[in-house]
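Colleague: Read top to bottom, the protein sequences are chains G and U. If you count by this note's numbering, then the first sequence holds residues 1 to 206, one letter each, in order. If you count by this note's numbering, then the second sequence holds residues 1001 to 1104, one letter each, in order.
Once the Cα atoms are required to be at most 27 Å apart in a straight line, the calculated DSSO-like pairs of lysine-lysine come out as: (1) 130(G) - 1002(U); (2) 141(G) - 60(G); (3) 45(G) - 141(G); (4) 60(G) - 1002(U); (5) 95(G) - 1089(U); (6) 141(G) - 59(G); (7) 95(G) - 109(G); (8) 108(G) - 1009(U).
Hints were generated in silico from the structure; no laboratory data involved.
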Amino acid sequence: MRLSVSPTRMELLRLKKRILLAQRGHRLLKDKQDELIRQFMPLVKEVIGLRKKVEEGLKKAFQSFVTARMLIPPEFIEEALMWPGERITFEVSYKYIVGVKVPEYRIKKEGDIHNYGLATTSSELDIALKAYSDLLPSLVKLASLEKTLELLAAEIERTRRRVNALEYIFIPNLEETIKYITMKLSEMERADLTRLMRIKEIVRAH
Amino acid sequence: MKIAIIGEKDAILGFSALGIETYPVTDAKEAGERLKNLTQNRDYATIYLTESLSSQIKELITELSDFSNIVVIPGRGESLGLARERLKKISEKALGTDVLSNEE
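Chain G with its partners taken away, still in its complex shape (with noise of 0.2 Å):
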C-alpha cells in the first residue's frame, strides 16, 4: 500500500531516511528475536526435567505423608505440623535476559522441621517432612524458571510481531512509495522537458 504524500523531492528524502531508519531496526529486532530463542531453547529443557524432578519428588514426598498419617491420629499430626519448625526466608531479586526482567528467587531455610514431640509421632513423619524440605528448593528454582519462560515467550511473540510488521508492511510499503515518487518525479521532468522543446520551436518559427 501506497502511503499518502505528496510527491515531491523534499517528501522523497524524507522517505529515504525513513526507510534506511526502518531496515535498521528489523535487523536489530531480528538479532534480538534470535538470541531471545537461542535463550530460551535450553530453558526449555531445563524447565522440562526440573519439572519431572519436582513431580517425582512431591509423589514420594506424599506417599511418605501418607503413610505417617496412617500411623498417627491426626489430631497429633495437626498439632505437631501447627508451628512451623522451619522458617524460610524468601527474597526476590531480578536479572534482565535480552531486556526481559525475570525474577530469581532465592530461599534461606532456618530451624529444624523436626520440632515436635517424639512421644506423639513417628519416624514417617520426620521422614516425609525431609523429603518435603528437601524438595523445597527445587520447588522455589521451579517456579522462577517457569516464569522466566512465560515472560520469555511473551516478548519473543512481542518481537516476532514487530520483525514482521516491519518487514512485510512498513518497508514495502516505504519501498512502494519511494518508488511512486522516483516515477512521479521523472515523468515530470520528462513533461517539463518536452513543454521546453515545444515552447522553443514555437519561438523559432515566429
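We have chain G; now place chain U onto it with these hints.
Modeller: Relative to the frame of chain G, chain U by itself:
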C-alpha cells in the same frame, strides 16, 4: 515476600511444617477466590496450586499470573500433565512449533 500453597487439605498439610503458608480449600471455586485474594495482596511472590483444582480454573490462572507467579504442582501424587500442557502452549506461542513432543 512469601510463598503460599493452595490445595486440598491432605495434599498440602505436609508443606505447613516448612514455613509455607498453606490455604486448604475444598473445591475449585473456593480455590479461585483464595487465589484472587492472594494475588491482590502483593506479598506473595509465588503461589503453588494443586493440579486437581487448577484444571477447572485455567482461565483465572492465566489472568492472574500477570500479578503473581502461579505454579501448578501435582497434589496427591500422580501428575495430570497440566503443567506440561501449559509449557507446550508457551513454547508454541514463542516458537510457533511445539518443541516438547519430539523430546520423548
